[in-house]
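Asks: Please build the complete structure, drawing on both the sequences and the hints.
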Amino acid sequence: KPESIQQKTLLLLALFLTVLQLGKIPLNHYTGVFDVTKDIPLHMCNFLPMIMIWVYATKNRTVWATIFFWIILGVSQANFTPSVEFSLF
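Residues 743 to 831 (this note's numbering) are what the sequence shown spells out, left to right.
Treat each hint with caution, since some may be false.
[Said to hold, decoys possible] With a straight-line cut-off of 27 Å between C-alpha atoms, the simulated DSSO-like cross-links for lysine-lysine are:
{"no.": "1", "residue 1": "LYS780", "residue 2": "LYS766"}
{"no.": "2", "residue 1": "LYS743", "residue 2": "LYS801"}
{"no.": "3", "residue 1": "LYS801", "residue 2": "LYS750"}
[Unchecked claim] Label pairs and their in silico Cβ distance ranges:
{"no.": "4", "residue 1": "ASP777", "residue 2": "GLN748", "range": "31 to 41 Å"}
{"no.": "5", "residue 1": "PHE811", "residue 2": "GLY774", "range": "30 to 40 Å"}
{"no.": "6", "residue 1": "GLY816", "residue 2": "LYS743", "range": "30 to 40 Å"}
{"no.": "7", "residue 1": "LYS743", "residue 2": "ALA807", "range": "37 to 47 Å"}
{"no.": "8", "residue 1": "GLN748", "residue 2": "GLY774", "range": "14 to 24 Å"}
{"no.": "9", "residue 1": "THR773", "residue 2": "TRP806", "range": "15 to 25 Å"}
{"no.": "10", "residue 1": "ALA820", "residue 2": "LEU759", "range": "11 to 21 Å"}
{"no.": "11", "residue 1": "ILE814", "residue 2": "THR773", "range": "11 to 21 Å"}
{"no.": "12", "residue 1": "LEU815", "residue 2": "ILE782", "range": "20 to 30 Å"}
{"no.": "13", "residue 1": "LYS743", "residue 2": "GLY774", "range": "43 to 53 Å"}
{"no.": "14", "residue 1": "ASP777", "residue 2": "THR800", "range": "27 to 37 Å"}
{"no.": "15", "residue 1": "GLY774", "residue 2": "LYS801", "range": "34 to 44 Å"}
{"no.": "16", "residue 1": "PRO744", "residue 2": "VAL775", "range": "36 to 46 Å"}
{"no.": "17", "residue 1": "LEU757", "residue 2": "ILE813", "range": "17 to 27 Å"}
Keep in mind the hints are simulated off the structure, nothing from the lab. Since the model is a prediction, treat every value here as computed from it, not as a measurement. Where a beta carbon is used, it is the ideal one built from N, C-alpha and C, also for glycine.
Replies: Dropping the structure here:
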(Lines of atoms letter the chains of each structure in order from A and count residues from 1; the text may use other names and numbers.)
(Lines give C-alpha, C1' and ligand atoms only; values in the text may rest on other atoms or scores of the structure.)
Protein backbone atom coordinates (compact mmCIF):
# COMPACT_ATOMS: atom_id res chain seq x y z
CA LYS A 1 0.00 0.00 0.00
CA PRO A 2 2.77 2.56 0.67
CA GLU A 3 4.05 2.00 -2.88
CA SER A 4 0.64 2.81 -4.38
CA ILE A 5 0.47 6.01 -2.32
CA GLN A 6 3.95 6.93 -3.51
CA GLN A 7 3.03 6.24 -7.14
CA LYS A 8 -0.13 8.34 -6.90
CA THR A 9 1.84 11.16 -5.28
CA LEU A 10 4.45 11.09 -8.05
CA LEU A 11 1.77 11.11 -10.73
CA LEU A 12 -0.01 14.04 -9.10
CA LEU A 13 3.27 15.92 -8.84
CA ALA A 14 4.09 15.31 -12.51
CA LEU A 15 0.57 16.38 -13.55
CA PHE A 16 0.77 19.49 -11.37
CA LEU A 17 4.13 20.52 -12.87
CA THR A 18 2.85 19.91 -16.39
CA VAL A 19 -0.24 22.05 -15.78
CA LEU A 20 1.96 24.82 -14.38
CA GLN A 21 4.28 24.72 -17.39
CA LEU A 22 1.42 24.71 -19.90
CA GLY A 23 -0.52 27.33 -17.94
CA LYS A 24 2.44 29.68 -18.05
CA ILE A 25 1.95 30.30 -21.78
CA PRO A 26 -1.63 31.70 -21.71
CA LEU A 27 -0.89 33.58 -18.48
CA ASN A 28 2.11 35.35 -20.02
CA HIS A 29 0.10 36.03 -23.18
CA TYR A 30 -2.74 37.52 -21.13
CA THR A 31 -0.42 39.74 -19.08
CA GLY A 32 1.41 40.94 -22.20
CA VAL A 33 4.85 39.55 -21.39
CA PHE A 34 4.71 36.60 -23.78
CA ASP A 35 7.96 36.01 -25.67
CA VAL A 36 8.04 33.08 -28.10
CA THR A 37 11.75 32.49 -27.56
CA LYS A 38 11.35 32.07 -23.80
CA ASP A 39 7.79 30.90 -23.16
CA ILE A 40 7.28 27.95 -25.50
CA PRO A 41 8.21 24.87 -23.42
CA LEU A 42 10.90 23.46 -25.69
CA HIS A 43 13.81 23.85 -23.29
CA MET A 44 14.73 20.68 -21.46
CA CYS A 45 13.83 22.04 -18.02
CA ASN A 46 10.37 23.09 -19.21
CA PHE A 47 9.76 19.91 -21.18
CA LEU A 48 10.70 17.36 -18.50
CA PRO A 49 7.43 17.42 -16.50
CA MET A 50 5.58 16.28 -19.63
CA ILE A 51 8.13 13.54 -20.26
CA MET A 52 7.84 12.38 -16.64
CA ILE A 53 4.14 11.63 -17.11
CA TRP A 54 5.02 9.44 -20.09
CA VAL A 55 7.78 7.72 -18.08
CA TYR A 56 5.35 7.14 -15.22
CA ALA A 57 2.72 5.66 -17.53
CA THR A 58 5.09 3.36 -19.42
CA LYS A 59 7.32 2.54 -16.42
CA ASN A 60 10.31 2.57 -18.76
CA ARG A 61 13.39 2.43 -16.53
CA THR A 62 15.81 3.19 -19.37
CA VAL A 63 14.11 6.50 -20.13
CA TRP A 64 13.87 7.25 -16.41
CA ALA A 65 17.62 6.68 -15.97
CA THR A 66 18.41 8.84 -19.01
CA ILE A 67 16.27 11.69 -17.69
CA PHE A 68 17.81 11.33 -14.24
CA PHE A 69 21.30 11.80 -15.66
CA TRP A 70 20.11 14.68 -17.89
CA ILE A 71 18.89 16.41 -14.74
CA ILE A 72 22.14 15.78 -12.87
CA LEU A 73 24.28 16.97 -15.79
CA GLY A 74 22.03 19.95 -16.53
CA VAL A 75 22.09 21.16 -12.94
CA SER A 76 25.86 20.70 -12.80
CA GLN A 77 26.33 22.69 -16.00
CA ALA A 78 24.01 25.43 -14.78
CA ASN A 79 26.00 25.75 -11.56
CA PHE A 80 29.44 25.79 -13.21
CA THR A 81 28.75 27.73 -16.41
CA PRO A 82 28.00 31.44 -16.08
CA SER A 83 25.17 32.99 -18.02
CA VAL A 84 26.17 35.02 -21.08
CA GLU A 85 24.49 38.06 -19.54
CA PHE A 86 27.00 38.06 -16.69
CA SER A 87 30.10 37.19 -18.72
CA LEU A 88 33.06 39.56 -18.75
CA PHE A 89 33.72 39.01 -22.47
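Asks: Now look at each hint and say whether the structure bears it out.
Replies: Hint check results:
For the given pair, LYS780 sits about 11 Å from LYS766 by alpha-carbon distance, which is consistent with the 27 Å threshold. Note on LYS743 and LYS801: the hinted pairing holds, with a Cα-Cα distance of about 18 Å set against a maximum of 27 Å. Restraint check: the Cα-Cα separation between LYS801 and LYS750 comes to about 13 Å, which is no more than 27 Å; the hinted pair holds. Our hint of 31 to 41 Å for ASP777 and GLN748 holds, since their Cβ atoms are close to 38 Å apart.
Between PHE811 and GLY774 the beta carbons are some 38 Å apart, a value that agrees with the proposed interval 30 to 40 Å. Checked against the given bound of 30 to 40 Å, the beta carbons of GLY816 and LYS743, roughly 34 Å apart, stay inside it. At about 26 Å, the CB distance of LYS743 to ALA807 disagrees with the hint of 37 to 47 Å. For the pair GLN748 and GLY774, the beta carbons lie near 41 Å from each other, so the given range of 14 to 24 Å is not met.
The hinted range of 15 to 25 Å is not satisfied by THR773 and TRP806, whose Cβ atoms lie roughly 35 Å apart. For the pair ALA820 and LEU759, the supplied restraint of 11 to 21 Å holds, since their beta-carbon distance comes to about 18 Å. Taking 11 to 21 Å as the suggested C-beta distance range, the pair ILE814 and THR773 does not conform, at roughly 34 Å. The beta-carbon spacing between LEU815 and ILE782, approximately 23 Å, falls within the hinted interval of 20 to 30 Å.
Under the hint 43 to 53 Å, the C-beta atoms of LYS743 and GLY774, about 48 Å apart, fit the expected range. About 33 Å separates the C-beta atoms of ASP777 and THR800, a value consistent with the hinted range of 27 to 37 Å. One distance hint, 34 to 44 Å for the beta-carbon pair GLY774 and LYS801, holds here, with the actual separation near 42 Å. Range check, PRO744 to VAL775: Cβ separation about 43 Å, and the 36 to 46 Å hint holds.
LEU757 and ILE813 have their C-beta atoms about 19 Å apart, which keeps the hinted 17 to 27 Å range intact.
The structure fails to meet hints 7, 8, 9 and 11 from the earlier list, while all remaining hints are met.
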